[in-house]
Amino acid sequence: MGQTIQMSAVLQVALFFASVAVVIFVAFCIPAMFQLRKHTERMSQTLAELKTEVSVLVQESRTLLRSVSELSARANQQCDDVEQVIHTVRVWTERVDRVVEEVGSVLEPPILTVARNAQIFRKGIAKFFETFLNRNHHALQKTEEQHVRQQ
-5 MGQTIQMSAV LQVALFFASV AVVIFVAFCI PAMFQLRKHT ERMSQTLAEL KTEVSVLVQE
55 SRTLLRSVSE LSARANQQCD DVEQVIHTVR VWTERVDRVV EEVGSVLEPP ILTVARNAQI
115 FRKGIAKFFE TFLNRNHHAL QKTEEQHVRQ Q
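Numbering (our numbering), first residue to last: -5 to 145.
Just so you know, these hints were derived from the structure itself, not from any lab.
Even glycine gets a Cβ: it sits at the ideal position worked out from N, Cα and C.
Mixed in with the good hints there might be a few duds.
To be verified - Now the in silico label distances, taken between C-beta atoms and shown as ranges:
#: 1; residue 1: 119; residue 2: 75; range: 53 to 63 angstroms
#: 2; residue 1: 86; residue 2: 64; range: 24 to 34 angstroms
#: 3; residue 1: 117; residue 2: 92; range: 29 to 39 angstroms
#: 4; residue 1: 75; residue 2: 111; range: 51 to 61 angstroms
Can you build the whole structure from these sequences, using the hints too?
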(Lines of atoms letter the chains of each structure in order from A and count residues from 1; the text may use other names and numbers.)
(Lines give C-alpha, C1' and ligand atoms only; values in the text may rest on other atoms or scores of the structure.)
Protein backbone atom coordinates (compact mmCIF):
# COMPACT_ATOMS: atom_id res chain seq x y z
CA MET A 1 0.00 0.00 0.00
CA GLY A 2 2.83 2.26 0.60
CA GLN A 3 3.64 2.20 -2.98
CA THR A 4 0.17 3.10 -4.05
CA ILE A 5 0.17 6.04 -1.74
CA GLN A 6 3.55 7.04 -2.95
CA MET A 7 2.37 6.72 -6.58
CA SER A 8 -0.69 8.62 -5.80
CA ALA A 9 1.38 11.39 -4.27
CA VAL A 10 3.66 11.46 -7.33
CA LEU A 11 0.59 11.40 -9.53
CA GLN A 12 -0.96 14.21 -7.57
CA VAL A 13 2.22 16.30 -7.82
CA ALA A 14 2.34 15.62 -11.56
CA LEU A 15 -1.31 16.54 -11.91
CA PHE A 16 -0.70 19.68 -9.87
CA PHE A 17 2.21 20.74 -12.11
CA ALA A 18 0.13 19.91 -15.19
CA SER A 19 -2.73 22.02 -13.85
CA VAL A 20 -0.36 24.87 -13.07
CA ALA A 21 1.12 24.56 -16.56
CA VAL A 22 -2.36 24.63 -18.10
CA VAL A 23 -3.33 27.67 -16.02
CA ILE A 24 -0.11 29.48 -16.97
CA PHE A 25 -0.58 28.48 -20.64
CA VAL A 26 -4.17 29.73 -20.61
CA ALA A 27 -3.11 32.89 -18.77
CA PHE A 28 -0.61 33.66 -21.57
CA CYS A 29 -2.80 32.41 -24.43
CA ILE A 30 -5.87 34.50 -23.63
CA PRO A 31 -4.04 37.87 -23.85
CA ALA A 32 -2.12 36.62 -26.88
CA MET A 33 -5.43 35.71 -28.54
CA PHE A 34 -6.81 39.16 -27.74
CA GLN A 35 -3.67 40.74 -29.23
CA LEU A 36 -4.00 38.50 -32.28
CA ARG A 37 -7.65 39.49 -32.62
CA LYS A 38 -6.74 43.22 -32.38
CA HIS A 39 -4.03 42.82 -35.01
CA THR A 40 -6.42 40.86 -37.21
CA GLU A 41 -9.07 43.58 -36.92
CA ARG A 42 -6.50 46.29 -37.73
CA MET A 43 -5.28 44.25 -40.66
CA SER A 44 -8.86 43.75 -41.85
CA GLN A 45 -9.59 47.48 -41.52
CA THR A 46 -6.37 48.37 -43.34
CA LEU A 47 -7.21 45.89 -46.11
CA ALA A 48 -10.71 47.39 -46.42
CA GLU A 49 -9.23 50.90 -46.74
CA LEU A 50 -6.66 49.61 -49.19
CA LYS A 51 -9.40 47.89 -51.18
CA THR A 52 -11.33 51.18 -51.38
CA GLU A 53 -8.24 53.10 -52.48
CA VAL A 54 -7.24 50.42 -54.95
CA SER A 55 -10.74 50.30 -56.43
CA VAL A 56 -10.62 54.10 -56.90
CA LEU A 57 -7.16 53.76 -58.44
CA VAL A 58 -8.38 50.98 -60.74
CA GLN A 59 -11.35 53.10 -61.79
CA GLU A 60 -9.10 56.10 -62.49
CA SER A 61 -6.67 53.86 -64.38
CA ARG A 62 -9.52 52.57 -66.55
CA THR A 63 -10.66 56.14 -67.21
CA LEU A 64 -7.09 57.14 -68.06
CA LEU A 65 -6.69 54.12 -70.32
CA ARG A 66 -9.97 54.98 -72.07
CA SER A 67 -8.77 58.57 -72.55
CA VAL A 68 -5.42 57.39 -73.90
CA SER A 69 -7.22 55.04 -76.28
CA GLU A 70 -9.43 57.88 -77.51
CA LEU A 71 -6.39 60.13 -77.96
CA SER A 72 -4.60 57.39 -79.83
CA ALA A 73 -7.61 56.90 -82.10
CA ARG A 74 -7.78 60.66 -82.76
CA ALA A 75 -4.05 60.82 -83.45
CA ASN A 76 -4.31 57.89 -85.87
CA GLN A 77 -7.25 59.58 -87.61
CA GLN A 78 -5.31 62.83 -87.87
CA CYS A 79 -2.27 60.98 -89.24
CA ASP A 80 -4.53 59.38 -91.84
CA ASP A 81 -5.97 62.79 -92.70
CA VAL A 82 -2.47 64.27 -93.01
CA GLU A 83 -1.40 61.41 -95.26
CA GLN A 84 -4.46 62.01 -97.43
CA VAL A 85 -3.68 65.75 -97.63
CA ILE A 86 -0.05 64.98 -98.52
CA HIS A 87 -1.20 62.60 -101.24
CA THR A 88 -3.60 65.23 -102.62
CA VAL A 89 -0.87 67.89 -102.56
CA ARG A 90 1.51 65.54 -104.40
CA VAL A 91 -1.10 64.85 -107.08
CA TRP A 92 -1.82 68.55 -107.53
CA THR A 93 1.89 69.37 -107.56
CA GLU A 94 2.46 66.82 -110.30
CA ARG A 95 -0.46 68.28 -112.29
CA VAL A 96 0.85 71.83 -111.84
CA ASP A 97 4.34 70.73 -112.88
CA ARG A 98 2.92 69.17 -116.05
CA VAL A 99 0.89 72.32 -116.81
CA VAL A 100 3.92 74.55 -116.20
CA GLU A 101 6.06 72.36 -118.45
CA GLU A 102 3.48 72.47 -121.23
CA VAL A 103 2.90 76.22 -120.88
CA GLY A 104 6.65 76.73 -120.75
CA SER A 105 7.16 74.67 -123.87
CA VAL A 106 4.49 76.74 -125.64
CA LEU A 107 5.55 80.18 -124.37
CA GLU A 108 9.29 79.79 -123.91
CA PRO A 109 10.38 79.81 -127.60
CA PRO A 110 8.50 83.03 -128.51
CA ILE A 111 9.66 84.76 -125.32
CA LEU A 112 13.24 83.69 -125.92
CA THR A 113 12.96 84.85 -129.52
CA VAL A 114 11.60 88.23 -128.42
CA ALA A 115 14.34 88.50 -125.79
CA ARG A 116 17.01 87.59 -128.34
CA ASN A 117 15.58 90.07 -130.85
CA ALA A 118 15.41 92.76 -128.17
CA GLN A 119 19.03 92.10 -127.28
CA ILE A 120 20.09 92.26 -130.94
CA PHE A 121 18.06 95.45 -131.38
CA ARG A 122 19.63 96.94 -128.26
CA LYS A 123 23.11 96.09 -129.50
CA GLY A 124 22.29 97.54 -132.92
CA ILE A 125 20.97 100.78 -131.43
CA ALA A 126 24.00 100.97 -129.12
CA LYS A 127 26.35 100.48 -132.07
CA PHE A 128 24.42 103.06 -134.10
CA PHE A 129 24.60 105.67 -131.37
CA GLU A 130 28.22 104.83 -130.68
CA THR A 131 29.06 105.32 -134.33
CA PHE A 132 26.93 108.46 -134.60
CA LEU A 133 28.38 109.97 -131.46
CA ASN A 134 31.96 109.05 -132.37
CA ARG A 135 31.49 110.68 -135.74
CA ASN A 136 30.20 113.88 -134.18
CA HIS A 137 32.82 113.63 -131.51
CA HIS A 138 35.49 113.01 -134.15
CA ALA A 139 34.21 115.99 -136.08
CA LEU A 140 34.29 118.12 -132.94
CA GLN A 141 37.82 117.04 -132.23
CA LYS A 142 38.87 118.07 -135.74
CA THR A 143 37.29 121.48 -135.45
CA GLU A 144 38.91 121.97 -132.08
CA GLU A 145 42.27 120.91 -133.46
CA GLN A 146 41.84 123.38 -136.33
CA HIS A 147 40.80 126.08 -133.95
CA VAL A 148 43.85 125.41 -131.74
CA ARG A 149 46.17 125.53 -134.76
CA GLN A 150 44.74 128.81 -135.90
CA GLN A 151 45.51 130.54 -132.76
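Checked hints:
no.	hint	result
1	119 / 75: 53 to 63 angstroms	holds, 60 angstroms
2	86 / 64: 24 to 34 angstroms	holds, 33 angstroms
3	117 / 92: 29 to 39 angstroms	holds, 37 angstroms
4	75 / 111: 51 to 61 angstroms	holds, 52 angstroms
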